[in-house]
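Using the sequences plus the hints, can you model the full thing?
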Amino acid sequence: MSTSSNPAGTLATSAGVPGSLNQPNLDSKAHDGVIPAPHFDSLQFARQFVQEHLSTAACDRPQAQSEELTSEPTEIVPELESSVAPEPATAELAIHATEPEAPPSETPAAAEWVDVGNIPEEVNVFDANPILPPPAQIANPEPVAETSTEIAVSPTASSPTISDPAEPGNSVAKKSIPTRTKPPKSSDPEAEFKPQIHIAGFNSALNRTPQVQTTSVPLFGKNLATTKWTPFWGKVATFGLTFPEGFEFLPTKPLKEPKADVGGESAGLGPTKEELLALLAPGDIAAAVVVSTEPLPPEKKTRLKPPHDAVSMEDRLFYLLQPPLETWLKGQELIMPFEPFPYQYEGIAWLFAQQAALLADEMGLGKTMQTITAMRLLLRAGQVNRILLVCPKPLIPNWQREFKSWAEELPVVTIEGDAAHRKMQWTMPGVPILLANYEILTRDFEMLADDPPRFDLLILDEAQRIKNRTSRTALTARAIPRKRSWALTGTPIENRPEEMASLYEFMEVIPQAANPDLRQLQKLSKSYVLRRTKDLVMKDLPPRFDREEYLELAPAQKAAYETAEKEGIIQLNDLGDSISIQHVFELVLRLKQITNFEPVTGESAKLDRLEADMEEIAASGGKAILFSQWTKTIDYLENKLARFDPLIYHGRIPVKKREPVLKEFKDNPSRSLLMMSYATGAVGLNLQFAGYVFLFDRWWNPAVEDQAINRAHRIGQKTQVIVTKFISKDTIEERIDKVLAEKRELFAAVLGDGDNTNVSLSLNASEIFGLFDLKARHGKGTRSIAPPPPPPS
Amino acid sequence: MSATEKKDQFRLGFLTAVEVPEQGYVGGLLITNRHGRPLEFQCTAPLKPNRTQEILYGTTLGSYVVGEVIARTLIEKVGVKPHLILTELAEILELRNHVSMPVGFLEPDRVIVAETTSNTLTEQPTTEAPLKIGRQWFRLHAAHTDDRADVENHSTQIPKDADMREPFERVREALLETVKNGVAR
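Protein sequence lines, in the order shown, are assigned to chains A and B.
Quick note on numbering: the first sequence equals residues -14 to 778 in the numbering used here.
Quick note on numbering: the second sequence equals residues 77 to 261 in the numbering used here.
Since the hints were derived computationally from the structure, they do not count as laboratory data.
The beta-carbon is built from N, C-alpha and C at its ideal position, and this holds for glycine as well.
Computed list of chain B residues with no C-beta within reach of chain A, every gap over 10 Å: (1) 169; (2) 170; (3) 177.
Calculated cross-link-like contacts (lysine-lysine; reagent style DSBU-like; alpha-carbon spacing at most 35 Å): (4) 378(A) - 648(A); (5) 124(B) - 213(A); (6) 153(B) - 286(A).
Estimated spans, in silico, between C-beta atoms of each pair: (7) 424(A) - 96(B): 53 to 63 Å; (8) 498(A) - 138(B): 53 to 63 Å; (9) 498(A) - 96(B): 45 to 55 Å; (10) 226(B) - 648(A): 47 to 57 Å; (11) 249(B) - 367(A): 16 to 26 Å; (12) 398(A) - 173(B): 52 to 62 Å; (13) 649(A) - 237(B): 39 to 49 Å.
Have a look at this one:
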C-alpha cells in the first residue's frame, strides 16, 4: 500500500525524524516565499512543506485537518486544485498557494535571516560540510525511493492528486515532485537562488541531505494489537502415601454354616436377604423382583482416628484411610469367632492407633479379645512385625487359648524351657508374637542385657505388677527396646492413684521418676487410658446379685476367736512402742482363719451355710466358684465337701494340671464346685458358665475381690450371677467389710471422675491398727497407740 | 502367598474430588486391594482456576478440571496401578478415553428392577447397563465395550456385601485433612 492512500501514516513518519531539516526554519522560509537553495533536496523540502502546511492548518482548524489526515485524505485535492489551476506544472506553487494567513512580517525570527550570498566563503555550507556532495552533483538528485510520496499530475486535468506510484495505471500520469521548484519572479536569478540561512553553529547540519524514509503502516494489517490465549494448566502438585505391606497370614478357615435359628444367637451370622432369595427355586419367585438400592440403613462404622500425637500427614492419613473395623472383621479378611460388641470395636480402634495405651476396662469386658484383635490388625497393616506379650505365669495358658480362639492364624511362641532354649526363642527371627511371664522376663533380660531383643509392641497384661516403679519387674519392663507400649489391667489403681505414675513411666508418657499430681494424672488419663465399666457398656449382661451373709460363729469358733483376740491384743500391748504392722497383721490373719473354721474341732458356720447352698446348686445343675485367701482353707473344705467332688485350683497345683482342671469344671456337669485361691484364680480366667460365686473369706483389696467375681460375671454369661460374701458377725471380718465398702466407693470415685486425691484403696497401716483398740502402757495406765495417718497429697 | 500372586491381586482405584471454598478443586485416588485395604493414596494440591479460565471454560470448567486435569494427573502419579477405577463423579467417566483401565461410575441410589440371579439389570440389557460390584451398581463408559467383560471377570473377587461407597468417604475425609494441613503445595 502506498503512502498516497495513507497520508496520515506517511506524515507521521516524516515528522518523526529528529534533527532533520524539515524543521520550522525551512518552513518559515517557504512561508516567506524564499526559494530554497537548489542543492536542497526539493523532494524532501516539498514533503516537509506539505507536512508543515497541513500541520499548521491542523492547528488552525484541528477538526478539519484531523479529518483530512485520517479519514479523507483526498479532501486536500480541492484546495490544491483551486490554487494551482493556472500553473499545473509544479505542485509546490499549488501547495504554497493553499498556505493560509501568516504574513511574513509576523514571523518572529525574520530579522535574523540573512542572505546566503553574504555569508563569508569560509562558512560556505558546501565547503564546511565534507559530507555534502558538490552542487553540481546535487543538481541531479538521486532517484526517490519507491515508497516516496508522489504527486500525480494529470495531463488532462489541472489539479494534482496524490497517488500511489506503484499502482498500475498511474505511472504515465505521475510526475515526481522533486524535479525542480519553480523559480520565483525576480530580476536576479542568482540572488533568488541564494537561501537565507540563519547564522548558527549548526548551519553545516542544515546543508546535510536529510535522510527520510517512509514506511507503510497498514491500518488493518499484521501490526494490529491482538491477545492470544491457549489453554494451559500448570503442573499440578500432588502428595502421595504408600502403605506398608502387612503380615502374611495363613489362610483362615471359612465360617461355619449358620444355624437355622435365624433371629437367635446366630442371627448375626445369618444369611443375607440375597442369599435367602438365591436359595429359593427360580419358579418360586418372579423372574424379576424389585431390589431396592435405596440407601441402606446406616451401618455402624468404627473408623480409626489418628492419635492425638500424630503430627505428620503420612501418619494421619494412614489412619484416616483405613477401612472401618467392621469391614475388616466381617469375615472378608479376618475371621472372628463371633461379632464383637460395639464398645469392643471402639476399644480395638483405640488400641490400634495408640503408641502408648492403658486399657483398663472393667474385668469381663474382653480386654484379651480387644488386645488380640488390635495386634492382629497391626500385623495385617504392617505396622508391627514383632510383639512381646508379658503376663503372669498362670495366665499363659489362658492367652494361648484366647489366641487360638480369636486369631488362630497368628503364630505365637511361648518363652519356656531351659536358658539356652529360651535364648534361642528370644532371638528367633520371623516370630511375630512372643508370650512370656514376668518371672522369665526379668530373668532372661539380665542374660540378654548386652543385646536385648527389640520389639515393635510390648504388652504387659495385669500391668499392676509394675505398680512399684522401683521393682525389678518394672525396671526390666521399662528397659526393653520397643516402639509401642500397652498396659492391660482392670485395676490400674490398686492402692493409690500414684501407682498410675509407674504405668505412665512404662508407657513413656512422663519423664523418668516423675510424680504427676492428680490434675496431671487426669489429663494423661484422657489421652492414654481407656476404661469402660459393665454398667456403661454391657447393659445386656445378666445382673449380678451380691449377698452379704452375716453368720454367727459356731460355739467352738467363738470361743477360740475370743481367746485369740484377747491374747493377741495383750501380746501387742506388751510390745509397747516396738509394735509393728507385722505384729498386727499376724493377729488379723489368725483371727480371720478362726472365722473360717475352728482349727481343733473343725467347726465352721460358713461351711454349714456353704453346704446348704451347694446342695441346691448341685441339684439344679449349676456351678459355683469359691475363693479363699488360704490354700489351707481350701484343703479343709475339699475334705468337708467331698460329696460335691470339688475341683481345686491354687498355687500348689502344677501349672500343667491347671488347664485340665478348668476344662473338667466346664465340661463335666457333675463337677459343680471349683475352689480357688484369690492369688491364683482371681485374674484372667473365663468362667462365665458358673452362676455362683462364694467369697469364703475377704481379701484386703476390693479390686481383687471384683477380679475374682468377674471370672463368672463376664461376657458370655447367660444367667444372673449370685455372689455370696460370708461375714462372721462381731468379728474382725465385719470391721474389714466396713472398711472395704468404704474403699470400694473411693475406688469407683477415683477411676470415675478422679476427684479423689491421695487415697489408699487397701488397708494401710493406720487402718489396720484401727481395727483394734491398741493401747500401750503408760505409767500405771495405758494410752492408745496407732501409726499416724498417711499425709494428704 | 508368593510375590507374583500378590502382585496379580485385583486392585481398585477410588477416585473422587471435592471443591473447597476459596481454594478450588482437590482430588484424591485411593488404591485398595479387593477387600478395601489401602495400598496407595495420591492427592492433588487445591487447584483454583483463574478468572480467564472461569470465563472461557464456562460451565464446563468443573468437569474439565476434575475429569482431565486432576484425574489424569493422579493416574499418572500413582505407583500401584489399579485394574479398575471407580468414581462417584460423572465427569471422571470420560477419563476412560485417556487411560487403559476401565472406569466405573457409581450409580446414584435408586429403585431398579433386577434379575435375582444376574448382576445385570434387565431393564437395560445393553452394554450401557449398570454392573453390580459389591453392593453398588456402576456404569461403564459406553464407548469401551470390552470393559464390561473385563470388569465382570474380575469383580467376582470382590465380596458381594462389600460397600463400594465407603472408600469414597475415606478419600474425601483424607482430602479435607490434606487441605486443612496444606500439603502438596
